[in-house]
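Protein chains: 6
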Amino acid sequence: MTRPITLFTGQWADLPFEEVCRLAASWGYDGLEIACWGDHFEVDRALAEPDYIAGRREILERHGLGVWAISNHLVGQAVCDDPIDDRHRDMIPASVWGDGDPEGVRKRAADRIADTARAAAALGVDTVVGFTGSAIWKYVAMFPPVSEATIDAGYADFADRWNPILDVYDEMGVRFAHEVHPSEIAYDYWSTVRTLEAIEHRPAFGLNWDPSHMIWQDLDPVGFLWDFRDRIYHVDCKDTRRRMSNGRNGRLSSHLPWGDPRRGWDFVSTGHGDVPWEDSFRTLNAIGYTRPISIEWEDAGMDRLVGAAEAVGFVRSLAFDPPATAFDAAFSTDR
Amino acid sequence: MTRPITLFTGQWADLPFEEVCRLAASWGYDGLEIACWGDHFEVDRALAEPDYIAGRREILERHGLGVWAISNHLVGQAVCDDPIDDRHRDMIPASVWGDGDPEGVRKRAADRIADTARAAAALGVDTVVGFTGSAIWKYVAMFPPVSEATIDAGYADFADRWNPILDVYDEMGVRFAHEVHPSEIAYDYWSTVRTLEAIEHRPAFGLNWDPSHMIWQDLDPVGFLWDFRDRIYHVDCKDTRRRMSNGRNGRLSSHLPWGDPRRGWDFVSTGHGDVPWEDSFRTLNAIGYTRPISIEWEDAGMDRLVGAAEAVGFVRSLAFDPPATAFDAAFSTDR
Amino acid sequence: MTRPITLFTGQWADLPFEEVCRLAASWGYDGLEIACWGDHFEVDRALAEPDYIAGRREILERHGLGVWAISNHLVGQAVCDDPIDDRHRDMIPASVWGDGDPEGVRKRAADRIADTARAAAALGVDTVVGFTGSAIWKYVAMFPPVSEATIDAGYADFADRWNPILDVYDEMGVRFAHEVHPSEIAYDYWSTVRTLEAIEHRPAFGLNWDPSHMIWQDLDPVGFLWDFRDRIYHVDCKDTRRRMSNGRNGRLSSHLPWGDPRRGWDFVSTGHGDVPWEDSFRTLNAIGYTRPISIEWEDAGMDRLVGAAEAVGFVRSLAFDPPATAFDAAFSTDR
Amino acid sequence: MTRPITLFTGQWADLPFEEVCRLAASWGYDGLEIACWGDHFEVDRALAEPDYIAGRREILERHGLGVWAISNHLVGQAVCDDPIDDRHRDMIPASVWGDGDPEGVRKRAADRIADTARAAAALGVDTVVGFTGSAIWKYVAMFPPVSEATIDAGYADFADRWNPILDVYDEMGVRFAHEVHPSEIAYDYWSTVRTLEAIEHRPAFGLNWDPSHMIWQDLDPVGFLWDFRDRIYHVDCKDTRRRMSNGRNGRLSSHLPWGDPRRGWDFVSTGHGDVPWEDSFRTLNAIGYTRPISIEWEDAGMDRLVGAAEAVGFVRSLAFDPPATAFDAAFSTDR
Amino acid sequence: MTRPITLFTGQWADLPFEEVCRLAASWGYDGLEIACWGDHFEVDRALAEPDYIAGRREILERHGLGVWAISNHLVGQAVCDDPIDDRHRDMIPASVWGDGDPEGVRKRAADRIADTARAAAALGVDTVVGFTGSAIWKYVAMFPPVSEATIDAGYADFADRWNPILDVYDEMGVRFAHEVHPSEIAYDYWSTVRTLEAIEHRPAFGLNWDPSHMIWQDLDPVGFLWDFRDRIYHVDCKDTRRRMSNGRNGRLSSHLPWGDPRRGWDFVSTGHGDVPWEDSFRTLNAIGYTRPISIEWEDAGMDRLVGAAEAVGFVRSLAFDPPATAFDAAFSTDR
Amino acid sequence: MTRPITLFTGQWADLPFEEVCRLAASWGYDGLEIACWGDHFEVDRALAEPDYIAGRREILERHGLGVWAISNHLVGQAVCDDPIDDRHRDMIPASVWGDGDPEGVRKRAADRIADTARAAAALGVDTVVGFTGSAIWKYVAMFPPVSEATIDAGYADFADRWNPILDVYDEMGVRFAHEVHPSEIAYDYWSTVRTLEAIEHRPAFGLNWDPSHMIWQDLDPVGFLWDFRDRIYHVDCKDTRRRMSNGRNGRLSSHLPWGDPRRGWDFVSTGHGDVPWEDSFRTLNAIGYTRPISIEWEDAGMDRLVGAAEAVGFVRSLAFDPPATAFDAAFSTDR
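As they're listed, the protein sequences go chains A, B, C, D, E and F. Note that the working numbering gives residue 73 to position 30 of the first sequence, counting from 1, and the numbers run on in steps of one. Note that the working numbering gives residue 137 to position 94 of the second sequence, counting from 1, and the numbers run on in steps of one. Note that the working numbering gives residue 344 to position 301 of the third sequence, counting from 1, and the numbers run on in steps of one. Note that the working numbering gives residue 373 to position 330 of the fourth sequence, counting from 1, and the numbers run on in steps of one. Note that the working numbering gives residue 69 to position 26 of the fifth sequence, counting from 1, and the numbers run on in steps of one. Note that the working numbering gives residue 205 to position 162 of the sixth sequence, counting from 1, and the numbers run on in steps of one.
One chain only, chain A, in its complex shape (with noise of 0.2 Å):
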């Protein structure tokens, strides 16, 4: 396969970033897909200090990786996220937090959303992954009653705070991929497609598909890439299981934990969930992808020591590159 298989970090942020290497090394995989968390990609380092870069590009060398993207969903969270609280206050560093003003985080969190385009552009990278938080998000079950001009400000506000952003990353020569997800701006089909008309679809901003979130909303992932093929930037293979055959696990999942069998669906090792990953690559080869695939591995049932390991064979198994000829040559005379 031509295209590298990368590991995306970002569960892995409570190890050091020399670990990760050295695990993700071991287990096979061409690169990372690099957090700007824990101390795996630290933005504010990599603009201040000189060598920085040059650091974590020498420890990636010496496990024989490579980095095409980096990622700041946590940051990018805050930036239209409302209400800002503890949650973000946990996941988020303390300079973006500050005192916890909400307008000053989102405020700070642009600023370093924007700062990373400066550092991925630094390191060499055209792409960075993440989240855009979203005002709306918490209107999503539509009751108490909320007006059309309340869903249209929550998509004003997102293009206000993310159009400067944007000019960085077009500055830049980066562009972001915005990962659809529950809690952000764009998190279906349709909110995708708004979110791209509140932006004038500029090209700097096109999108990190990740099928798990599509599968529990019953969205189809592989029409979703066709339909949105000129704005695919990114792949992040994460995998989810449904199981609501009984009728008492719903989709909404009851506030309950992740690994609970009570929930309607779950997070599952690449390759264990419902995700049609044939499909989705063999439709990755027919428009044209040629960038990254990068696991995303997240399961709450499973050693990640194991799973992570076993999700690099699966996926290079499946991703394999398309033929260069039709088959059906061989079944003419013209010879």
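If you are wondering where the hints come from, they were derived from the structure by calculation, not from laboratory data. Be careful, since some hints might not be right.
A pair holds if it fits inside one copy or across any two, identical chains being indistinguishable in the list.
Subject to a maximum C-alpha distance of 20 Å in a straight line, what follows is the list of computed EDC-like cross-link-like pairs (lysine to aspartate or glutamate) [claimed, not checked]:
#1 Lys181 x Asp210
#2 Lys181 x Asp128
#3 Lys181 x Asp82
#4 Lys150 x Glu62
#5 Lys181 x Asp129
#6 Lys150 x Asp210
#7 Lys150 x Asp203
#8 Lys181 x Asp125
#9 Lys150 x Asp129
#10 Lys181 x Glu92
#11 Lys181 x Asp73
Add chains B, C, D, E and F to chain A, keeping to what the hints say.
This is chains B, C, D, E and F only, laid out in the frame that chain A set:
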């Protein structure tokens, strides 16, 4: 059929109570489940004005209608909700909203829901239908990461706010029938289990079975009746139609307004959706439910004057009484 | 519609024959499929009393009803059954039960089923509907291990007991229409194939198509009509509803009584269940079935006086005659 | 309902026009979609005889019927078809067939379809419904191997033959509504996309939405309405029922005649099949379709006099108008 | 994996115990669930011969195998069964069969099952797996009509016969794990509920979870684990494949032998069927099941030497242990 | 496994025969199903050149490969086809095409298919696999209206052209195995029934079971094996994957090329599709099929060198032999 079929007046509160009585009677309803908003049933006046209740009774009797339950969803929503915002302001009485300080709104809402029991008793009905609100609904996506302590605190908050209210209900001989619904403390099967545990299954708190919110979550509304058979205090017949066959319309419905064909599901006139009505009514027979069957009519794609008239006939034809004797008696020679 | 719609009187045998005639006529039935139990049609009296049959005919005519078939399921059940026990005693005539010695019961039952052909001929009808019983039904779980020899012996026992009976049918110009049903020698598709082989497809033995027993076995009742089209001698319209969506209600229904919502399936009023009625009636047209369409009404959750009246209208609306000419004649310019 | 319900007269052309008018009016139709075959509407006479159109109008008015579209499927079929053979001879006017030389037939058919626009304008209607034919339909199995050049040539042939026709439509202010149908240039979703591209989306060419041909191809007729909402120029309500549950009846239906129960699908009376009619009508409301809803009645297993009378009631009950206001206004305290 | 994977020896009793040990060890099993038939484990000898048990233990140890449970399905079957016939004679020890008088057989079977607890204790295992038999299984079709009193008597018969047996189990510190199975007193979900009620949930009686019998009844084996989580005493991994897609192969499988493709379902090698194994093993983790996972291998279409070797690898790959910590720790900045 | 696994060389005819032998042997195939095109097996040379066949045999033996069948689909296609056009010219030998006059092509194709039997006999194999062509396939849409006489004539044409060919087959002791396939006289279940009737079930004509063409027609390939079990003369394992979940990709696949993700189905590497392989191989065991299992590899989205190597292992793992004895022998005490 021996059980009364009533019309829930909540979606008709823009019309005067008397006009709703006239319409419901003309369509063949046996009575009303009266909403405590608009001018339909005003709790404060019911407790303050000596002849208010007699006046309501008189109007009902004039139209040949009965009443077995009143409903106060909108104020109930404010008891536990967080955030409290303009959505609440627009739907609760000014006297409950007051200065809009969130905790003050919650306390006044709790007082008003307690008063609703007093007013119900005065009206001679033993059931109040409604919502609870929820401090943790907004965390339904479970991202940014939510701790189990936060979820536990949400159920505790519910118990702390509702136990004093339910003391009043016990005192008045009235029961509260919570409608399992997104945005509430109990919104699916396992959250209902947890909610009942939080208040130690005290009999004052039961359920208003409304299957429309279960359908799009892939919950089984029929099994729900059986499993919670000792807590089914009221029945609201609202219907939901799923339309997700294209892989683009998802469960979360993209913040699209009611009636938009891109939504993955929508409320439709009772009998036009996916609720297994006959199985449900047969199970209500099996569990011995003998209270009203109320129609909550809501359909953004159909004229309500047409739909509500049709719905009462639909329900009456299926909600038949069980037979008195077993069918296989006829096989016996013991005659 | 040119085919008569009849009511099977088996589930009404606790009522006097004349009362059943009165009811059926008032609901619009064209005739009866008369059960040979209760006082509806007594085989021994029909053969012994010179004017018994004229009396029955007179009652029918008085109510404007016809008869094209009689049914003797209950005695038929005893012909091959093993064990013979109190269940049989309670449902067959005392003269057939006698001292209850199993082999004696079986022999007297065989004689009575032969007599039923004689009585049918006397009444002027050419079809007797019924059951066969089975020596091997009790081994349906195939554990403890059952040898193929035992199964073979079961079919042989059927042939040995029924061939002499069928000789009488041939002699009388009457045919027996077996109802494929659990507890019988033929209870599904392949056991029907085997049963017809066991008696070498002699024309005296055919089938009473009753789809209700096929639905819960996941058999296709429409394809059954086509495949056995030369042996469809009678049609009984009984309906079945599956309700297994919760993973707890199973196919075998836990020995629960009819009407219990925990059963995985139940008999319901014709038109309320899962039988594909319109496809079935269209296929009856396609195979040229021109005999009666009889309604066997059985529903433990509905009053039979309500249900049987409704069912005749349901069937009449769908069991329409085929058109005389092909629809695409209108496209031709050959006029 | 504000939109007229019309009867398509194509399947009734063996009856005189006046008789069809009498029948349609007696069943409650508002008007006709008149076929240009039989004596219903003769294009050549309409252009040649000064009072032909007035005569048609007079008959319609006498029966209280309107007309908003005429249809010329049969001649349209011959415009692009290859081969041209006896099937065409049997269904097109002798003047179009001429000597039967294929290319001559195609050219005369093209002229007649252009004339149909002229006749429509003369009649005062702005829509012609019909077929296009196709040079490549016969290659649908893609074996023996078919080159992409051959397929490209098929679409080009369509454009070459139809663009001059559509020039006449533009001139006359009439639009052609192509019925997506096997045997035509556009027969499914992606071939419709390609067809519209081939003529560069010129507005003169739109679609007659007939869901019956989509059902057995597993296409979603509701989503089709949304995606092609600016090209839905006419609606034909024909219904299809799938019956493939036995693994023997297949999609291609074995060259079996209409009405044979071994076919995997068949056309059935509107409302008796698998088209999601209510979802379709609601989506027609959502896209603002305000033109006629026409019933194309075709069912080889049902008498057409019975079926067409029933169908108009079925459609009228579901094709209701949308409401004027949003349902949740009643929740607001803003009164 | 920390739980042992064992092989149930019941289907291997035609081979000498030592040979089965050799095979199981060579395939990588951790131990055996030893059947009390063939020469595998003879209850009477275990109690009568002083060194019998030491001899069994020695053989196991020599092959590096453990034992945590013994099984006595065949004798257990005779405790409640009615009728008792040749099928029992062929599968139980001659000393239990005796003269074959049914009630005598039942009593001796009961004694032997009590002795099995004594022998288990002597062997040092605390679990006996097996069947109960049933006086009412034969009435599963509920025709001829069966009274509720008869069903009640069946459960009472079970309690009467098993309570004294279970007293011995309590005394010995051993528990009986009943396998929910057709032909037994508990054969589906609700009959299991009723069975546990009949013996008042005494802890001596629990369940051997074998999903193969649930699959063809459309029961959810995963939900079964959760609902009866305090009674799951043992696990047998047998698999079942449904093949009913043609409308001719039914649930009851036509008395056809195992392996016949016309059966609606069949037992297949573990991992080749429809049991949701991974969901099941994850739920076993979630309920804290830490006892053996035993493979009951049965497949009439596959060589057992091939299949049993393959099955242990299949189960080992999916029955992984749960992780120690939650996956989302990595998102926190609390480091 | 005792049956040989062969590779069908048809899709490899652009490679020299010897190279295909080398590849197949290196991947572990037991032999080849040799195509009569490319240089693989030339019928005319086999009959004309004395040592041609010995030469082919020598090459096979050198690579350790066997041969049990040869295939001549492409010439067979021309025997009945209408129209005959460039698609045929491009795939049949120039000597069969000749001047391209359709009837001449058909006659020469018939002669060549007869010669293929002679060549097969010379090679020492008793089976020729192939296609028949069809005069009526082009009417599959049944519009413009097709008369039953036309369909009847199509089957008669097939019989007229093939009976003389089959006489040669009988004479040579060779059988023709027709592959049920779109474009052929038999393309689904009922057209196969009709085709076999047309030639009066003469044994010289049987079937090459290739399930890939059944999957997208919703036919059951497993039941097909059982129903036509006496006519299964050869097996080709080609696989098909459906992908129609989005309501836009239809069964007829829009004339899109193989590998396009908008097609409703596509051929994929054996084991990557929707064919129920294990059920199929088990049924082949049940019907006693002992001839080759051939892999027809075709996948426009995968490199054939990767896929064909993988497929042989996939098939070998599932096409296991049946066991010699019944599993439940172990339950018996008769030892």
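Verification of the supplied hints:
1. Lys181 x Asp210: neither (28 Å within a copy, 32 Å between copies)
2. Lys181 x Asp128: both (13 Å within a copy, 12 Å between copies)
3. Lys181 x Asp82: neither (31 Å within a copy, 31 Å between copies)
4. Lys150 x Glu62: neither (33 Å within a copy, 53 Å between copies)
5. Lys181 x Asp129: So Lys181 and Asp129 pass the 20 Å test inside a copy (16 Å) and across (14 Å) alike.
6. Lys150 x Asp210: Answer is within; shortest intra-copy Cα gap is 15 Å, inter-copy 47 Å.
7. Lys150 x Asp203: within (12 Å within a copy, 37 Å between copies)
8. Lys181 x Asp125: both (8 Å within a copy, 11 Å between copies)
9. Lys150 x Asp129: So Lys150 and Asp129 pass the 20 Å test inside one copy only (17 Å; across, 24 Å).
10. Lys181 x Glu92: Neither: 39 Å inside a chain and 40 Å across chains, both beyond 20 Å.
11. Lys181 x Asp73: neither (38 Å within a copy, 39 Å between copies)
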